[in-house]
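**Student:** Spelled out from the first residue to the last, the chains are:
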Amino acid sequence: MGPHHPSTHGVFRMDVKLDGETVVDLKPVFGYLHRNHEKIAENISYLASMPFTDRLDYFNSMTNNWAYAIAAEKLVEIEVPERAEYLRVIMAELTRLVNHISLVGFFVNDLGALGTPLLYAFREREKILDLFEQASGARMMCNYLRFGGLRCDVPEGWLKRARDLVDRFPKFLDEYEQLLCENEIILSRTQGVGTLSRDLAISAGVTGPMLRASGVNYDIRKVDQYGIYNRFKFRVPYSENNVGDCYDRFMIRMLEMRESIEILKQALDGIEEGPVMGNAGKVFKPKPAEAYGRIESPKGELGFYLVADGTPKPYRFRVRPPSFINLTVLRDMCIGQQVADAVIILGSIDIVLGEVDR
Amino acid sequence: MNWELIKDILLATVPLLVIFPTMFALTTWVERKALARIQNRIGPNKVGVPMSRYGGKLSLFGLGQPAADGIKMLFKENIVPTGADRLFHLLAPILSLIPAMLVLCFLPLNFPWLTDEQNSVKAFMLDGAVIFFFAITGLNTLAVFMAGWASRNKYSLLGGMRAIAQMVSYEIPLVLSAVVVVMTVGSLNAGEIAKSQDGWNWFVFSPWGLAAFIIFFIASLAETNRSPFDLPEAESEIIAGYFTEYSGFKFALFFLGEYIAMFAISGLAVTLFLGAGDGPGAEAYPSLKVIWFLAKICVLIGIMIWLRGTLPRLRVDQLMSFAWKFLMPLSILNIFITGFAWHAENNNEEYGFTIKAIIWTASLLILYLTAKGLDKVNRANIKPRTYQYGE
Amino acid sequence: MNLLGAGILKGMAVTLKNFIGSYFDKERLNTLEYMWQNDKSLPKRAGDYPKEEGEQLRPTTTVTNYSRNFPMLLHDDGEPMDTIRCVACQICERECPPQCIYIEKSDDKKERPGGKPQFYPATFDIDVSVCMSCQICVEVCPFDAIVMNSQFELSTPDRFNGLLLKRGDLLKSNQYYHKIHPEEAADRDKRIADDKAAKEAKKKAAEAAKEAKKKAAEAKAKSEAEANSKEESKDPSEPPQTSTEHNKEENTE
Amino acid sequence: MSQPIDHEAIIQRFSGSEWDDKFCALIVPLSEATALAKWLRDDNDFLLDYCSNVTGIDYLDREIKEKVENEEGKMETVTRIDPSRIEVVYHLYSMEKHTGPFTIKQLTERNNPEVQSLTPIWRSCELQEREIFDLFGVNFIAHPDQRRILMWDEFEGHPMRKDYVEPFDYEWEPTPHDEILDKHQRGKVIV
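Protein chains in written order, with the working numbering: chain A, 1 to 358; chain B, 1001 to 1391; chain C, 2001 to 2253; chain D, 3001 to 3191.
Honestly, the hints are just simulated from the structure, not real lab data.
Be aware that one or more of the hints could be misleading.
[Claimed, not checked] If we take Cβ atoms under 10 Å as the criterion, some of the chain D residues that face chain A in the derived model are:
| id | residue |
| --- | --- |
| 1 | SER3052 |
| 2 | THR3055 |
| 3 | PRO3083 |
Each residue gets a CB set at the ideal place from its N, CA and C atoms; glycine is no exception.
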């Protein structure tokens, strides 16, 4: 299956061995989009890698920026101003909304729904992307965060527009849930498909909504409390069972969106005027050190591992891409299922090939 | 040579060849437009008659789209994969179109320009019209599998296999639900079935008729590979199924065949359950009958489009179990109920309304509860879930 | 115990709502139609388009005041090459992540209005097929010479040379910048003016300090106080001047 | 927040390992790697059940100038040679106890790099170790499925190594950089 296949989300290939329609063996093949992002980053300055991180997971450029900024800020102690921290949280949660609604749309599209839920999702995504454009100048490749703050402040009236959007969003979610969550076909297609046990999920390093769907209460926003996440009150939904299937992964994302809205409301209430850029100098030149910074990106744990050697270029630049490592369990989940299930299991993992292949 | 007969035949069939392909073109436009609106898009709205000489153009809501599509299809390259069986690859789309066109003859469209005598040359006056209809639509399966096999492509083959399994399975509930009507009328003649429903005496207005209609409609969705049963051409799984390797006009033929089959089967549904050409004013002006008939087909097509815009598709095994474990028992039960009710009504005419009311409520209840029970048995483990929250 | 097929019916209700809603509700149908102009033929090179500045900002396109696309070079009012802000310092060339900028420094210096003679770029090429619109060149530029354009209709039949923007294509006036990004441009002008004022004040202060040093032998403390007072007196005189300049530019929009 | 993990106990138990104070990492010898990893995963004090990140770092021979305090108490610049090596770095976390990160490193020489695969302990290493094999050329002992992952099978060399030289197959881009123009003129460039 693939690399040119309508539902492999890019150029991903699965070597599938079939018995009738049942999957007997499956080997994922990657690398079609490999551009050696890490090597490129080792040959340019720290700041210049920032726009390249946008291109990793092109749905979530804001969170990618943030993960990189966190790793770099660990390398050199930089204070981030209050307003910048708030805006980072707002951007990250908006990104989470964008990612999760599009994922749910794609997922139902893989189920065969001719794009209707996907297009509803894109309609709402469009509104959020408009907000991103107003803040950063670009809709997807935002390149908005800087070490020690943000590139620029949001324009006037932006917060009000964001507020409007956040207030209207639950209504859309209700409609979306009405369309999807009780649909008999979706229920019977997804439940019991692609089961992933708790132990395997932990051992295989699965992170993000997929891990929580397998019944582990682990959210880096809660565990590391990076940024200012300790100030917000929010809950982490996770499955009751120790086994997660596609339906769990789908529902956990629906529920997480509601929690993101809660965070957004609190953040929009709490934000105050102030500078958005800290005391970072124009030239970023850390002393020899190592730093591993990670955040809870919408897809899972996104980590950046930087080794500095005292020059303006990183000596080693490593990305820990969540969707790449979540793919470890693809084979285990697919064996014994139907072809149609393999497609939705892949969809429920939520991969972006820009990140898998780097 | 009997020129009169040939003239009659032409008078009866040529309109079919005009009306339905035109409807096909319009339906593709309507489908695109309606799906677009369902998905909050605009849909085709640009293609029209270019009139740049007079400044601007006549876009007519994009009504030129079907014509543009057709022209594009005609001029596209005809690609046949290496290793494909060229003969069968060529034959398959033709074979898929022929039965679909043929069965149109069985629809009791009373064209106003045909007298009763001329009408009789039409195939729908054939005594076994309904049986013939099913027999000929069955050929479609062959075409689909031929396409899947001849393409020499794994996706196509999978699509062809799925199509065979699906069409053969759904043929059974389809026929069984038609049996209800045939039993009640006591004739397989489409014309007579149509006539027996005149004066708002439609079959859909009785519990067993309604149940049979719903089963028939669901099965006909599966027969014509419409969503949510479009597994043979499941885009997200097997690319385009059996016509993955088709391009250009061959693909257009498949497309045409599929839509004509949709019209044909909706036409049969209209004939059997929705009172054929009956409708307001049809008694007084018989020429309205054609219009009503076509309008009802359009409504059914509209529902198909609407369903397509809403539902995801089933999985192969679920599709099969739905046909064999849900639709089939239900339609067999429905036959028994119909027989019982028909006898009860006809033999107890003195009680009139009371017995009718009792029978109707009872049969409605039995049918609904059986359906519910079957559903519960089939999908025992499937229900919405609740989730925990961690702080 | 809920109705058989309730989920499907609910879903169908939602799609019906959207179907009808898309005709009446702007929220549901937020598609913008792209205005295609038949009479426009493809430009030979990316720089040929658009012929008039700001032309592509039709009400139907999705370009907003905030969007960035590819960089452009700014010049102040007057002959473009006489008032170009770029001094060919090549910082942006070094910092550009995909290395799409190519600059050749001029051999001679050119007189700038209200400043000392500066180098200018003899060649300034941006390869828009490589550029990824990250805006880092804008950030690192110390002279506010390069900013982002929002022009997006760059299609051309020539894949290689057609997509290479030359210096002449890149040069745009400050008014144009005000037209496409009013808020950002106003901010930038204000900052430039402030910087200038601060610099002049500093210069004055430095001069005053120099003078003061000469007189230092006589009365150190006195002269310093004088310098401070001069600086303070200079400050309020600057802002009105810049604001009028600012207003003028806004009027031209 | 994550707490630091006590490394003294590990060094006591596994005498071959050392603690690198500068980078806060435990350096593990080849012979003890599997046992140590298994112990770290299962022991109740650590429960490092989640291996987040696995990566390689390639160090060439380098001269490092350091300011060292000599015997007389004065600062003195000393040049020493940092030996070439490849490090394979594992970042471990505990999902049970919410602790981490704990870094362990396996060191190996550049010419014939070989380390112990930890995939049997943590499944998440599987694809990442394959990636290191692909990009750095490190051989993982006991890896279940060691193939190239991001590069194609016929690819030669290991691109993430610092001394890797790119093959001469540029696609010409019109940016008139001298180097690329030069290559273009030499006619070896695919247009």
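**Student:** Among all the numbered hints in the text so far, which are the ones the structure does not match?
**Tutor:** Number 3 only.
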